[in-house]
Structure formats: C-alpha cells, structure tokens
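K.L.:
Listed below are the residues making up each chain.
Number of protein chains: 2
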Amino acid sequence: MYKSIAVVGATGAVGTIILDLLAKRNFPFQKIKFIASKRSAGNKIIFKDKEYIVEELQPSAFDGVDLAIASTPDDVARDFIPEATKRGVLVIDESGYWRMDPDVPLVIPEVNGDAIKNVKKGIISSPNCSTTQLVVALKPLHDYGQVKRVVVSTYQAVSGAGLVGTRDLENGSRAELNGQSYNYECFPYPIAFNCIPQIGSFKDFGYTSEELKLLHETRKILGDNSINVCPTAVRVPVANCHSESILVETERKITVKLARELFAKMSGVIVIDEPAEKKYPLPNICTGRDEVFIGRIREDISSDNGLAFWCVSDNLRKGAATNAVQIAELVNK
Amino acid sequence: MYKSIAVVGATGAVGTIILDLLAKRNFPFQKIKFIASKRSAGNKIIFKDKEYIVEELQPSAFDGVDLAIASTPDDVARDFIPEATKRGVLVIDESGYWRMDPDVPLVIPEVNGDAIKNVKKGIISSPNCSTTQLVVALKPLHDYGQVKRVVVSTYQAVSGAGLVGTRDLENGSRAELNGQSYNYECFPYPIAFNCIPQIGSFKDFGYTSEELKLLHETRKILGDNSINVCPTAVRVPVANCHSESILVETERKITVKLARELFAKMSGVIVIDEPAEKKYPLPNICTGRDEVFIGRIREDISSDNGLAFWCVSDNLRKGAATNAVQIAELVNK
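Residue numbers (this note's numbering), protein chains in the order written: chain A, 1 to 333; chain B, 1 to 333.
There's no promise every hint is true.
In the SDA-like style, the derived pairs of lysine to any residue whose C-alpha atoms are separated by at most 25 Å in a straight line are [stated by the list, open to error]: (1) LYS333/A <-> GLU299/A; (2) LYS333/A <-> ASP290/A; (3) LYS253/A <-> LYS117/B; (4) LYS253/B <-> GLN146/B; (5) LYS50/B <-> SER37/B; (6) LYS148/A <-> GLU251/B; (7) LYS278/B <-> CYS186/A; (8) LYS257/B <-> LYS279/B; (9) LYS121/B <-> VAL331/B; (10) LYS279/A <-> LYS121/B; (11) LYS278/B <-> ALA239/A; (12) LYS257/B <-> LEU215/A; (13) LYS24/A <-> ILE285/A; (14) LYS278/A <-> LEU215/B; (15) LYS203/B <-> ASP304/A; (16) LYS24/B <-> GLU110/B; (17) LYS253/B <-> ARG289/A; (18) LYS24/A <-> LEU330/A; (19) LYS117/B <-> LYS253/B; (20) LYS50/A <-> ASN26/A; (21) LYS253/B <-> ILE301/A; (22) LYS203/B <-> ARG260/A; (23) LYS257/A <-> GLN146/A; (24) LYS279/A <-> TYR182/B; (25) LYS257/A <-> LYS257/B; (26) LYS203/A <-> VAL76/A; (27) LYS48/A <-> LYS203/A; (28) LYS253/A <-> GLU251/B; (29) LYS257/A <-> LEU215/B; (30) LYS278/B <-> THR166/A; (31) LYS265/A <-> ARG252/A; (32) LYS257/B <-> SER302/B; (33) LYS278/A <-> SER181/B; (34) LYS203/B <-> THR208/A.
If you're looking for bench data, these hints aren't it; they were derived computationally from the structure.
Chain A extracted, bound-state conformation (with noise of 0.2 Å):
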C-alpha cells in the first residue's frame, strides 16, 4: 500500500475531482499532499476538513511520495514526471505525453486492469477522455465478436478543455444572447450555439490529434493492432460528458438483444435504451456520474455484423479522474 500520495494539478478540473473522489472512496494514506503550478501554489485546499497549502511544482516536491496522481497538460507531464519516477514515485498520470511509450501502460481498469503488471518506468497513464467512455464499450463486444472496425463521431464538451473552456462557453452564450462580442480565450472559433470540428491539432492523414487517439490507444487498450478506427472530433457547445455516436463491426454477429446483456453485464456500463419511453442517455444526466452510459442499441443497416449505439459519459470522471483514482485503487490492492 502506498502511504505518502500527492495530487499534482489539484487545482484543475480534473483534481479538484480527483481530491472529492479520494475524500468520498476513503482512499488509504498517511501523508497527501497538493502540488500545483506556481500561478496556484499557496493557495489553500481543504481536504477532509483539514487545511492545505498547495505546494509549487518543482522536483524537490516528490521528495518521501510513494504514489502521484498527476493531470497536467502534456509538457508539464514531460518534464515533471521523469523527476518523480527518478524519485522512487509512481505517477498515475492522465496527460497524454506517456500514453503510446511501450514501457508505460494505457489502463482502464474494469477493461486491462492487468497491465499494471507491466509498470517499467514508474508511470501509468490512463488515457484520453474520448478514449475511454469508447474503449469500456468496445470491450465487453470485442471479448464476444473480436472488434473489426469502429466509426464514431464525438459530441464533446467544453469542460474537456479545461476550466477555461467551461468559461467560454458560459460567456460566450451570455454574450451571444445579449448581441454582444465576447474574446474566446480557448478555442479558435466561437463555440457557443457553434459546432468546431476540431480538436487538438492536425496530424497524418488529415486526422486531428484527438481523432488519432481514439485509434492508437484503443488499439493498445485493447491489446489488437487489427482494430481499425475511423474517427471525427467535434466541439459542441455541451458543458460537460461527452456523447458519441459508435458503430461497430465485429468479426462475429452481435444481436441487439445480446448486446444490451454484454453491456449489462460489464462493469462500470449503465444500459439506458427504452426508445418508447424517450430513454437514452443524455449529457445532463450523466453528469457527475462515475460511469460509461449506452443507449440507442441498434443493428447497423448498412452492414451485415454491425451495431450502432450512443455513448455518453462525463469526461471529467470516468474520461479522467475516476479512471485515474480507479487505476490508485488497482495498485493499492
């Protein structure tokens, strides 16, 4: 068990969840502490009613910490981590800088939970939002009907960007409604009662750095460079959980009465599918919740072993800081 644990970007989106999931999971330590940026150190944090100083990001930080939960951009990550490991920590990290090196494992625990066998460099990574409400689907059909191919078209929220994200879209809206301007401080084109099919930054093949994780890490999750992956990321103007239309061909038939009872019967899925009854999942009522909802379960009618569905999950949590929290219970154990 580890004793002395730290949340590194506690003052972020994601830690702030993180710190409210440890308190309510009785997460086990004897010492934690709080590291942020300098624009946040000395800030205080109350934690299971006790008081802490967030203390600045800097290597002598992870002096005597067994265990970091850590979510920093991606340059952050880079630089801090070595320093960490190098100081006998283990850095649960959600940045998407350590995902595809070979010696760190992508880990969704209800999904590969194994490979945290394979630590080498003293990381984990859990991976990216979008990734992982996809992958905790994809599973539980792929272990049934080995997964061929995915197509899916994201709906995701702004929170995803941050907190600053969460305010342009709450201030751009006011803006808009009142006729006026408002300068988007985190995205490139105003996002409020806008769709931008763009997020993270263009790579190969005219494929953005989102879409391409949900190919590359699905693929490692998973464990199956044979999976293929067609994917589109799209900014809508959602406050928070991510939405994605999937459809799925897979090697063996799926029936939709089959799906529903593989979906039901995988951990961390919540089935939400009575069309009759307008039933399906919906961003704001998956908010706050731990877990990956599915809905519209329906047989694909442009292929013959295909299955279409949609998924939401809040991104902050099971896209990010449940995974993460989930991934320290898996080692703690």
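Guided by the hints, dock chain B onto chain A, whose structure is given.
P.N.:
Leaving out everything else, chain B in the frame of chain A:
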C-alpha cells in the same frame, strides 16, 4: 410560366425565408398571395414594399392559383394539398408527407432536376433538411465512384424544429446561465448545453423517423436502392445550420485530391478545407448561405475505399426554403 403564386406557411421559419428569396431572386409572378394557419391569418406581410394580408389556409384560398410553395407540418400538407391540386395548383411541398409517394418526385435541382418531368399528382416534394445537404455531397461521389454505403452522424440545429425550437434554445440557455429552470415547449429534454439523440419519433429497427429519411430519401433522389445508410440524428444546442460527420464507401476508390475536385465542380457546393489554417465549415459562418459547405475531407483510415468529411448547410435555406424556390425556378423554365 406560372403567373399566380401562393406561399403556404408564409409566417413560419421557412416561409419567411421563402419570401426573402422570392424577392431577392426576382421570382416572376403576376399575382402573389400569402397563406398561413388560422392563427396567423389576418396578419400583415410586407413583400417587395407592398403590404399583403395573410389569408387563412382553406381550399378556396387556392382558387385561381397556379403554383404554391408550401412549408407546413405533415398533417396539414396531407389535408390541404389534395384540395389545392384539385384546383389545378402545382404544389412544391416542404413537408415530409408526400415525399415517398411513388407519384411524387423528390427533387434537389442540382442532383435530379429532371425528375420534375414526372409530376403525376401536381406535387413536387423537397427533401428533408438533413437529407438535402447529404445528397448534394454524395452526388458527385456517386457519379464518379458509385456510393455503396454511408455512415452519417448529424449535429442538427434547433431552427429545424421551427421558431419554437429557436425560442427554446434561447430561453433555455438564458435560464440555465441564470440558474433558473425553463419549461421546454418543443424538446423532450433541455437542449441548452445538452445533446438529444432523438429527432422525430422511433420507427423500425430502433431508428427514428429523421434517421430513416436519411436512408429512404437518399435512395429515392439518387434513384439507387442499393445504397446503404447507417444514420444517427442528434439535436445539438446550435442555433442554425445542420452539420454532418459523413463516411462514404464507394465501389471505385476516390482519393482526397479527386474528392476535392469533384466537390469543387459540383453546383451548390463550396469546399472550405485548409486544416493547417484551421479552415473548415462551421455553422456560424454558413448561416444565411444557400450552399452546402464541405471540409475535413480525408481518407477513411478504417477501410479501403472510404472517404470521410464534414458537411454544414443552412437547414432553413438549402435544407428547405432555397431548395423549394430553386424547384419553383426550375418548373418555371
């Protein structure tokens, strides 16, 4: 040439734009009248600097009319159109009611303008908004490479639900930002800062009426029942313009370069596709425009002959009013 024309549903979201287009495009007529439901009858309309009184929708209103452009709910179209055609009126109908009738041509002028020769019942239907932009995009790909399969996920604006949809988004967003509640008039769940994966009612195989239109209307307009479509229709908190994430599989391979050329040559299509410059179609820049905008054109990395792209169009214009007026211009030739 048709001399006496009528606009039915003249006070609605689409009707208002039909009037605007008839004026701006100098649509020829000797007499014009404006018809609407009892609720709006008696209202005044200014058209080309002249004042008109809105007439109530009843059979006698069509006496002496040659050509009507109608935008009404399906049940209204079901009832009034036979009365109008009985009086010799050619009706260009925006509603969904007559579209799949084998004796009614379903027309997008750039795609299947010749179909107007097959008018048998005095009715020409204009397709559903989400179908029109999809089919305009598919047409040049189909002509070159034979479309076999389409996977489409939509991001549909509230204006598609009429003026009440627009009001719901505005009032709902305002309430949400102020921490207040709001009773939605036309959506089953809050649309502000949310996504609703249901448009229309649930029909066969777990698909909604809106989704099945994307299959059946596409086949009818392109005159090819071998085309398969897997549709997912989602309402998003966007004011105006539908967006679509489209994956097309063709018999004959279409490269990105060729697709750009085919799209660029297609009448009514504008390609905005410079990812490095962050240039792609966005609802807020396509609103008020009559064309179909295409960007994010890339090879499908999950199949051999697949092409993925992003398509945005003003659902009230090319998706409705513009297409109807273009049909009227075509029959006038």
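K.L.:
Would you mind marking each hint as holding or not holding in the structure?
P.N.:
Comparing the hints with the structure gives:
{"no.": "1", "hint": "LYS333/A <-> GLU299/A", "verdict": "40 Å, violated"}
{"no.": "2", "hint": "LYS333/A <-> ASP290/A", "verdict": "20 Å, holds"}
{"no.": "3", "hint": "LYS253/A <-> LYS117/B", "verdict": "44 Å, violated"}
{"no.": "4", "hint": "LYS253/B <-> GLN146/B", "verdict": "9 Å, holds"}
{"no.": "5", "hint": "LYS50/B <-> SER37/B", "verdict": "21 Å, holds"}
{"no.": "6", "hint": "LYS148/A <-> GLU251/B", "verdict": "20 Å, holds"}
{"no.": "7", "hint": "LYS278/B <-> CYS186/A", "verdict": "14 Å, holds"}
{"no.": "8", "hint": "LYS257/B <-> LYS279/B", "verdict": "17 Å, holds"}
{"no.": "9", "hint": "LYS121/B <-> VAL331/B", "verdict": "15 Å, holds"}
{"no.": "10", "hint": "LYS279/A <-> LYS121/B", "verdict": "40 Å, violated"}
{"no.": "11", "hint": "LYS278/B <-> ALA239/A", "verdict": "23 Å, holds"}
{"no.": "12", "hint": "LYS257/B <-> LEU215/A", "verdict": "24 Å, holds"}
{"no.": "13", "hint": "LYS24/A <-> ILE285/A", "verdict": "21 Å, holds"}
{"no.": "14", "hint": "LYS278/A <-> LEU215/B", "verdict": "22 Å, holds"}
{"no.": "15", "hint": "LYS203/B <-> ASP304/A", "verdict": "20 Å, holds"}
{"no.": "16", "hint": "LYS24/B <-> GLU110/B", "verdict": "20 Å, holds"}
{"no.": "17", "hint": "LYS253/B <-> ARG289/A", "verdict": "44 Å, violated"}
{"no.": "18", "hint": "LYS24/A <-> LEU330/A", "verdict": "16 Å, holds"}
{"no.": "19", "hint": "LYS117/B <-> LYS253/B", "verdict": "33 Å, violated"}
{"no.": "20", "hint": "LYS50/A <-> ASN26/A", "verdict": "14 Å, holds"}
{"no.": "21", "hint": "LYS253/B <-> ILE301/A", "verdict": "23 Å, holds"}
{"no.": "22", "hint": "LYS203/B <-> ARG260/A", "verdict": "19 Å, holds"}
{"no.": "23", "hint": "LYS257/A <-> GLN146/A", "verdict": "17 Å, holds"}
{"no.": "24", "hint": "LYS279/A <-> TYR182/B", "verdict": "20 Å, holds"}
{"no.": "25", "hint": "LYS257/A <-> LYS257/B", "verdict": "42 Å, violated"}
{"no.": "26", "hint": "LYS203/A <-> VAL76/A", "verdict": "21 Å, holds"}
{"no.": "27", "hint": "LYS48/A <-> LYS203/A", "verdict": "43 Å, violated"}
{"no.": "28", "hint": "LYS253/A <-> GLU251/B", "verdict": "24 Å, holds"}
{"no.": "29", "hint": "LYS257/A <-> LEU215/B", "verdict": "24 Å, holds"}
{"no.": "30", "hint": "LYS278/B <-> THR166/A", "verdict": "21 Å, holds"}
{"no.": "31", "hint": "LYS265/A <-> ARG252/A", "verdict": "19 Å, holds"}
{"no.": "32", "hint": "LYS257/B <-> SER302/B", "verdict": "18 Å, holds"}
{"no.": "33", "hint": "LYS278/A <-> SER181/B", "verdict": "21 Å, holds"}
{"no.": "34", "hint": "LYS203/B <-> THR208/A", "verdict": "35 Å, violated"}
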